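Its first residue numbered 14, the sequence shown is counted upward by one per residue in our numbering.
The hints are simulated quantities; they were obtained by calculation from the structure and are not laboratory data.
All values derive from a computational prediction rather than experimental measurement.
Here a beta-carbon is modelled for each residue, glycine too, at the ideal position from N, C-alpha and C.
Be aware that a few hints might be false.
[Said to hold, decoys possible] Result set (DSSO-like, lysine-lysine): computed pairs, CA atoms no more than 30 Å apart in a straight line: (1) 59 <-> 187; (2) 87 <-> 38; (3) 55 <-> 187; (4) 87 <-> 59; (5) 55 <-> 38; (6) 38 <-> 59; (7) 187 <-> 87.
[To be verified] Label-pair restraints from in silico Cβ distances: (8) 164 <-> 83: 16 to 24 Å; (9) 138 <-> 90: 24 to 32 Å; (10) 135 <-> 75: 16 to 24 Å.
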Amino acid sequence: AVVSTQSTGEIPAAWTTFHQDVYFKIVDPLEIGYYYRASPAKNFGKGFHQYFEHTLLVVADPLHACTEILNPAKVSGNFVLVERGECSFVEKVSMCQSAGATGVIVYDNAADNRSNLVAMVDDDRGTQIDIPSLFIIGLDGFHIRRALERNSLESAIINVPINMTYVPEHQIRKPPWTKLL
């Protein structure tokens, strides 16, 4: 079933950050239905000023998103998963934005990265970015992409950002391969 991006309006700042991180949840497929910690872009693009519920997360083609996006019909109106490397973070987000993306999630190209979030910073080329972007650890990105491939799925369904302010630690469904810091 095709689910379109739904924005449910403005959200309080407290919902978006916890130690300066943003959280999102994969709703479907259940195999990867966990809460994920992410680091927002530090000095480019837009922050999360709205909540996206049941938004599609599609994989970019090409995966590095450093050249023109070859699957713009899938990217348009959705969040896009891209792999780190080959060009700047701004270039990746710009390519996705040009294809109509609502937001971008970049994962580390080091698949064994279990805990280090990279600060995505502007490349000072003056590119205007008007969508939010996040960085996740390599192991999270690797598992998300592999689960979609293994199940022959074109997308996952996510909610972003998630308010983690009042969620007790024991109630957070964390990915078993990592820990939510």
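Hints, verified against the model:
Restraint check: the Cα-Cα separation between residue 59 and residue 187 comes to about 27 Å, which is no more than 30 Å; the hinted pair holds. Pair hint residue 87 plus residue 38 holds up; C-alpha atoms about 20 Å apart against a cutoff of 30 Å. About 25 Å separates the Cα atoms of residue 55 and residue 187, which keeps this hinted pair within 30 Å; it holds. In summary, the hint linking residue 87 to residue 59 is supported, as the alpha carbons are separated by about 22 Å, within the 30 Å threshold.
About 21 Å separates the Cα atoms of residue 55 and residue 38, which keeps this hinted pair within 30 Å; it holds. For the hint pairing residue 38 with residue 59, the CA-to-CA distance comes to about 20 Å; that is within 30 Å, so the pair holds. At roughly 28 Å between alpha-carbon atoms, residue 187 and residue 87 fall within 30 Å of each other, so this suggested pair holds. As the Cβ distance of residue 164 to residue 83 is approximately 22 Å, the hint placing it in 16 to 24 Å holds.
Remark: the range hint 24 to 32 Å for residue 138 to residue 90 is upheld by a beta-carbon distance near 26 Å. The hint said 16 to 24 Å for the Cβ distance between residue 135 and residue 75, and at roughly 22 Å that hint holds.
In this structure, none of the earlier numbered hints is contradicted; all agree with it.
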